[in-house]
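UniProt numbering applies: residue 1 is where the sequence shown begins, and numbers increase by one.
No lab work stands behind these hints, which were simulated from the structure alone.
The beta carbon of each residue, even a glycine, is placed where N, CA and C say it ideally should be.
Heads up, a few of these hints could be off.
[Said to hold, decoys possible] Below are the BS3-like pairs computed for lysine-lysine, each with C-alpha atoms no more than 27 Å apart in a straight line:
(1) K719 with K704
(2) K504 with K704
(3) K397 with K504
[To be verified] Estimated spans, in silico, between C-beta atoms of each pair:
(4) H488 with Q351: 27 to 33 Å
(5) P383 with L329: 37 to 43 Å
(6) P572 with P665: 35 to 41 Å
(7) P383 with H405: 38 to 44 Å
(8) Q711 with P572: 55 to 61 Å
(9) H245 with R347: 18 to 24 Å
(10) Y241 with I185: 17 to 23 Å
(11) R446 with E739: 16 to 22 Å
(12) V26 with Q351: 52 to 58 Å
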Amino acid sequence: MHDRAYPPPGPALSRLQSSAPRRADVLLSALVGAAVLHSLALLLAHYGVTWPEGTLDLAYLSVVGLGLALSVRAWRTSGPGARPALWALSMALTLYAAGDLLWTWLSLFTQQPLFPSVADIFYLAQYLPLVLALLRLSHLSLRRLSAARLVLDSAIVTVVVGLFAWQAGLATVADDPAQSLPGRIISLAYPLASLAVLGVLVLVASGARRVQVHVAVFATGLSLIVVGDLGYALLEANGAYSSAHPIDALWAWALVLLALGGQLAAHHYNRYPREAGKQHPGPRRLIVWLPYGAVLSLAVFLPQLYLGASVMERGIAFGVFTVLILVTLRQGVALADNRRLNAELRRAHVQLAHDARHDALTGLLNRSGLVEYLRQALSPETPAPFAVLFVDLDRMKRVNDAHGHQTGDQMLREMSRRLLTVAPAGSVVARVGGDEFVLVVPEQQRASVALLAAQVVAVISEPAALQSGTTHLTASVGVALFPGDGQHPDELVRAADMAMDGAKVEGRNNWSFYDEGALQAAQHDTQLEALLRRALAEDELELHYQPLVDLRSGATLGFEALLRWRDTVQSPVSPPEIIRVAEERGLIVPLGIWGLRQAVAQASQWRARGKQWFVTVNISALHFAHGDFLSHVRAALDEHDLPGEALILELTESALLEDLDSSMPDLNILTSWGVRIALDDFGTGYSSLSYLRSLPVHLVKIDKAFVFSLQQDGHAFVKAITVLAHGLNLLVVAEGIEEAWQLEGIGALGVDLGQGFLLGQPLPASLAGEVLGTSGFLRGNEPTSGIQG
Numbered sequence: 001m002h003d004r005a006y007p008p009p010g011p012a013l014s015r016l017q018s019s020a021p022r023r024a025d026v027l028l029s030a031l032v033g034a035a036v037l038h039s040l041a042l043l044l045a046h047y048g049v050t051w052p053e054g055t056l057d058l059a060y061l062s063v064v065g066l067g068l069a070l071s072v073r074a075w076r077t078s079g080p081g082a083r084p085a086l087w088a089l090s091m092a093l094t095l096y097a098a099g100d101l102l103w104t105w106l107s108l109f110t111q112q113p114l115f116p117s118v119a120d121i122f123y124l125a126q127y128l129p130l131v132l133a134l135l136r137l138s139h140l141s142l143r144r145l146s147a148a149r150l151v152l153d154s155a156i157v158t159v160v161v162g163l164f165a166w167q168a169g170l171a172t173v174a175d176d177p178a179q180s181l182p183g184r185i186i187s188l189a190y191p192l193a194s195l196a197v198l199g200v201l202v203l204v205a206s207g208a209r210r211v212q213v214h215v216a217v218f219a220t221g222l223s224l225i226v227v228g229d230l231g232y233a234l235l236e237a238n239g240a241y242s243s244a245h246p247i248d249a250l251w252a253w254a255l256v257l258l259a260l261g262g263q264l265a266a267h268h269y270n271r272y273p274r275e276a277g278k279q280h281p282g283p284r285r286l287i288v289w290l291p292y293g294a295v296l297s298l299a300v301f302l303p304q305l306y307l308g309a310s311v312m313e314r315g316i317a318f319g320v321f322t323v324l325i326l327v328t329l330r331q332g333v334a335l336a337d338n339r340r341l342n343a344e345l346r347r348a349h350v351q352l353a354h355d356a357r358h359d360a361l362t363g364l365l366n367r368s369g370l371v372e373y374l375r376q377a378l379s380p381e382t383p384a385p386f387a388v389l390f391v392d393l394d395r396m397k398r399v400n401d402a403h404g405h406q407t408g409d410q411m412l413r414e415m416s417r418r419l420l421t422v423a424p425a426g427s428v429v430a431r432v433g434g435d436e437f438v439l440v441v442p443e444q445q446r447a448s449v450a451l452l453a454a455q456v457v458a459v460i461s462e463p464a465a466l467q468s469g470t471t472h473l474t475a476s477v478g479v480a481l482f483p484g485d486g487q488h489p490d491e492l493v494r495a496a497d498m499a500m501d502g503a504k505v506e507g508r509n510n511w512s513f514y515d516e517g518a519l520q521a522a523q524h525d526t527q528l529e530a531l532l533r534r535a536l537a538e539d540e541l542e543l544h545y546q547p548l549v550d551l552r553s554g555a556t557l558g559f560e561a562l563l564r565w566r567d568t569v570q571s572p573v574s575p576p577e578i579i580r581v582a583e584e585r586g587l588i589v590p591l592g593i594w595g596l597r598q599a600v601a602q603a604s605q606w607r608a609r610g611k612q613w614f615v616t617v618n619i620s621a622l623h624f625a626h627g628d629f630l631s632h633v634r635a636a637l638d639e640h641d642l643p644g645e646a647l648i649l650e651l652t653e654s655a656l657l658e659d660l661d662s663s664m665p666d667l668n669i670l671t672s673w674g675v676r677i678a679l680d681d682f683g684t685g686y687s688s689l690s691y692l693r694s695l696p697v698h699l700v701k702i703d704k705a706f707v708f709s710l711q712q713d714g715h716a717f718v719k720a721i722t723v724l725a726h727g728l729n730l731l732v733v734a735e736g737i738e739e740a741w742q743l744e745g746i747g748a749l750g751v752d753l754g755q756g757f758l759l760g761q762p763l764p765a766s767l768a769g770e771v772l773g774t775s776g777f778l779r780g781n782e783p784t785s786g787i788q789g
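Model the full assembly from the supplied sequences, consistent with the hints where possible.
As structure tokens, then:
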């Protein structure tokens with residue numbers, strides 16, 4: 001899409017443009033050849049060679065004509081970007097050619113004086129369109145605030161050069177009694193016009209940091225005119241000019257450069273039409289100092305003012321020049337200081353741009369920098385395949401809670417270093433969240449990416465020696481491949497993120513490739529998250545209570561609180577799925593607080609009716625690791641005036657043993673309140689029996705998998721655990737009792753408490769107490785075990 005819409009060129013213009021390069025080369029070659037011949041003829045004439053009358057005039061006229069022809073050709077074949085400037089150039093050279101034709105005719109065919117003459121009108125008229133052509137080619141904007149400074153700078157330089165020219169000979173021209181007044185006026189008009197051109201040249205040089213080639217060539221041509229005009233005026237004023245002087249060659253070569261600059265401009269804007277009107281602002285360093293150097297150079301006039309002056313006049317002149325120099329120096333110091341401040345500002349801008357794309361803690365790219373990198377990687381028409389690895393540090397929050405955020409930051413820097421060491425050459429590592437990293441790997445072989453993902457998991461899991469001690473983390477890694485898993489940065493990062501979620505579901509410390517099923521699962525989890533948030537807000541959740549029975553007496557001693565939720569939109573959601581989504585989406589703490597308060601409130605109501613039942617509540621590992629967990633428990637007990645002995649908290653082995661140093665103080669505080677701890681699903685986690693001796697645990701809950709396998713190897717396991725637990729003064733609870741033979745076998749092994757559908761199904765609080773006595777195992781028994789609350 002073009003920046004501007006221009007009508008398509010007609011057939012005539014198309015033919016001109018197609019033939020323009022060949023004809024332009026011929027004209028340019030002829031122009032340069034004519035200029036060389038003219039310069040050679042001038043040089044020979046200067047050293048005594050006599051040419052027939054009019055030879056030099058006709059040679060110069062050929063240069064003018066060829067320059068005009070080349071300029072008109074450039075104007076006719078140019079696009080809209082250069083056409084106004086080339087029209088002005090063509091007009092200037094037309095005026096110049098008309099003046100030169102008149103001068104040649106007067107010289108060869110009349111006896112009229114050549115100076116002043118009507119030809120001077122055309123010569124002088126060319127300066128204005130030449131200046132306009134330069135301004136159009138340079139695209140210099142004079143509407144900005146800085147334009148006033150540029151104009152003043154150019155005016156200073158122009159006036160100073162004019163003063164030197166005045167002192168060198170222009171004053172003599174202005175006061176020459178041998179010339180008529182019109183002659184003196186025209187004699188001064190040429191150098192004054194050249195000084196005006198000089199001012200525009202300084203203006204263009206000051207206003208552009210980068211001058212394009214065609215502008216530089218054109219400006220050089222104008223500079224030759226300025227030098228020629230001023231040089232001629234000074235030579236004439238001092239009687240040093242003679243016919244066929246070599247300085248005359250400057251005007252011929254000025255015409256060559258002007259025409260060449262126009263041709264280059266036409267070629268440039270035909271090739272790059274979008275650059276029409278584009279500016280390159282900002283003065284170069286030496287140009288900035290030019291006005292100050294010009295002012296300081298005026299000091300050379302001080303000795304002349306002293307000659308023949310009185311003491312008072314000398315003092316005034318000296319004071320004026322001293323102040324002028326001091327002001328100039330002061331401005332120079334201010335300019336240097338301004339440049340220093342600008343340099344600091346540029347450095348600050350570069351630093352801000354760096355900080356905007358990089359993580360302050362690790363120095364890696366941040367999310368914005370990653371997206372920018374991915375956009376660049378996807379920008380070519382055929383981008384190379386690559387892989388995106390999304391790395392999430394498992395349970396990083398526990399490190400922060402246990403050791404403090406300073407140690408956590410140290411751990412993040414260490415993990416960043418490890419990722420950089422394992423990343424292949426050409427890869428990019430970014431930190432996109434608190435404990436989330438992304439690797440972009442230029443790799444297309446699926447097997448190589450799988451090996452890298454496994455290496456990432458392995459290197460993260462190595463122990464880390466920190467200031468507060470040695471600890472370790474694990475990582476879940478998701479992998480997405482371009483182009484198969486996405487075409488845009490957001491799609492690829494999201495695909496890798498969802499693959500990482502899949503790795504977490506499979507047990508953490510793992511990696512997984514993205515697949516379409518992961519997308520559907522993520523969408524399902526997102527929908528479930530929204531519904532769960534609504535359920536928490538609108539009290540759609542409830543607890544059901546399953547009895548825990550004393551296997552010796554058959555009495556119900558307490559109930560386990562189990563989460564239930566039947567959503568009005570979709571089918572019932574299983575408790576494990578609720579817990580998983582709550583943990584992954586940051587809802588586990590509010591959900592845990594809600595469950596804890598509900599269970600404690602129900603136990604308090606039972607006690608108010610004379611039922612001394614305890615209640616057990618499952619606590620998520622994430623909730624237990626939360627810094628405010630103890631305050632949550634204390635608040636629930638105090639709110640409902642429930643003694644700690646009536647509450648049992650069920651925690652898994654992994655929740656207790658993963659960070660034992662931080663777990664032990666919390667467990668001891670809970671025990672001091674009377675709250676008891678049950679080790680849930682024993683046998684499925686670490687199963688390190690030595691920990692049972694040191695942990696303040698009161699109950700061990702044998703996982704139902706061993707109850708189901710009592711007739712196989714489960715019998716020996718249950719027996720061993722029961723003997724060990726009793727030796728440590730712990731009670732043993734068997735879960736999942738659904739068959740009579742299971743109940744009989746469990747009881748024979750000495751297990752203290754049982755739980756399962758055979759003994760009682762989970763029921764709402766309003767029904768849980770009413771069914772007691774309807775089962776043969778529960779009827780008429782009172783609590784007798786030491787576990788009752």
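Hints versus structure:
no. : hint                       : verdict
1   : K719 with K704             : holds (14 Å)
2   : K504 with K704             : holds (24 Å)
3   : K397 with K504             : holds (16 Å)
4   : H488 with Q351: 27 to 33 Å : holds (30 Å)
5   : P383 with L329: 37 to 43 Å : violated (57 Å)
6   : P572 with P665: 35 to 41 Å : holds (39 Å)
7   : P383 with H405: 38 to 44 Å : holds (39 Å)
8   : Q711 with P572: 55 to 61 Å : violated (32 Å)
9   : H245 with R347: 18 to 24 Å : violated (54 Å)
10  : Y241 with I185: 17 to 23 Å : holds (19 Å)
11  : R446 with E739: 16 to 22 Å : violated (47 Å)
12  : V26 with Q351: 52 to 58 Å  : holds (56 Å)
The structure does not agree with the numbered hints 5, 8, 9, 11 stated previously, though it agrees with the rest.
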